[in-house]
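Undergrad: One line per chain: the protein sequences are A and B, in this order. Mapping to the working numbering: the first sequence position 10 is 1, numbers consecutive. Counting from 1 along the second sequence, just add 65 to a position and that's the residue number in the working numbering.
Because the hints were derived from the structure by calculation, they are not lab data. Since the model is a prediction, treat every value here as computed from it, not as a measurement. Certain hints may be false.
Result set (EDC-like, lysine to aspartate or glutamate): computed pairs, CA atoms no more than 16 Å apart in a straight line [what the hints assert, rightly or not]:
| id | chain 1 | residue 1 | chain 2 | residue 2 |
| --- | --- | --- | --- | --- |
| 1 | A | 98 | A | 1 |
| 2 | A | 29 | B | 168 |
| 3 | A | -6 | B | 124 |
| 4 | A | 7 | A | 77 |
| 5 | A | -6 | A | 20 |
| 6 | B | 83 | B | 144 |
| 7 | A | 98 | B | 103 |
| 8 | A | 61 | A | 17 |
| 9 | A | 98 | B | 124 |
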Amino acid sequence: AQKVTQAQTEISVVEKEDVTLDCVYETRDTTYYLFWYKQPPSGELVFLIRRNSFDEQNEISGRYSWNFQKSTSSFNFTITASQVVDSAVYFCALTTNSGNTPLVFGKGTRLSVIA
Amino acid sequence: EAQVTQNPRYLITVTGKKLTVTCSQNMNHEYMSWYRQDPGLGLRQIYYSMNVEVTDKGDVPEGYKVSRKEKRNFPLILESPSPNQTSLYFCASSLSVTGVPYEQYFGPGTRLTVT
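Given the sequences, and given the hints that come with them, work out the whole structure.
TA: Rendered as structure tokens:
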């Protein structure tokens, strides 16, 4: 069975600080896919990134970066120079290539960026 | 505009009164899914569909039904709603090419209250 753990329930930072959101996953499949989604206060779910298990390169997109480490089963998300607009709940999710594609979500980390 | 639509967005109903939440996508996606989001529990999958006439249970299917008669539509049916089905519901769709899961696009959510 797949499992995603986001141990940080809530994080609060001051604007311009860097912040890292942790994600630890469990799966027995060798082929799997990891995602991050953002849920701002308006409630919609916004896709941020998809990473497959064969691609361990870190990814950077503007102020966002992701660190994928298979050795520790982690897929952490860092926001550099945080802004108030980054305040949201962030979900890490996992799915595998085993015939169906249900997403297993972590419980989310609520990030509050204070001006 | 590529999108997933859900209706209604808000619904207050009474115990036992059958209701349907519609979901439609215009991206020709094979895969569609329903999730519920509850505080502290994150998102949990209710049902999913790999293609027309193919549906299967997710993690929390009790009390729900779905159908997939057309590729674009995936309605969620609550035959006899109960208060523990009060939740925020999301419909999602994605490409699924030979079982490889791509990012899921989410609808805006339906907030259901059962009294």
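Undergrad: None of the hints should be skipped; say for each whether it holds.
TA: Structure-based check of all given hints:
For the hint pairing residue 98 of chain A with residue 1 of chain A, the CA-to-CA distance comes to about 11 Å; that is within 16 Å, so the pair holds. Annotation: proposed proximity of residue 29 of chain A to residue 168 of chain B holds, straight-line Cα distance about 13 Å (limit 16 Å). Only pairs whose Cα atoms come within 16 Å are accepted, and residue -6 of chain A paired with residue 124 of chain B is accepted, the gap being roughly 12 Å. Between residue 7 of chain A and residue 77 of chain A the alpha-carbon distance is near 11 Å, which keeps this suggested pair within the 16 Å criterion.
Straight-line distance between C-alpha atoms of residue -6 of chain A and residue 20 of chain A comes to about 12 Å, which keeps the hinted pair within the 16 Å bound. In summary, the hint linking residue 83 of chain B to residue 144 of chain B is supported, as the alpha carbons are separated by about 5 Å, within the 16 Å threshold. The suggested pairing of residue 98 of chain A with residue 103 of chain B holds, with an alpha-carbon distance near 10 Å, which does not exceed 16 Å. Pair hint residue 61 of chain A plus residue 17 of chain A holds up; C-alpha atoms about 10 Å apart against a cutoff of 16 Å.
At roughly 14 Å between alpha-carbon atoms, residue 98 of chain A and residue 124 of chain B fall within 16 Å of each other, so this suggested pair holds.
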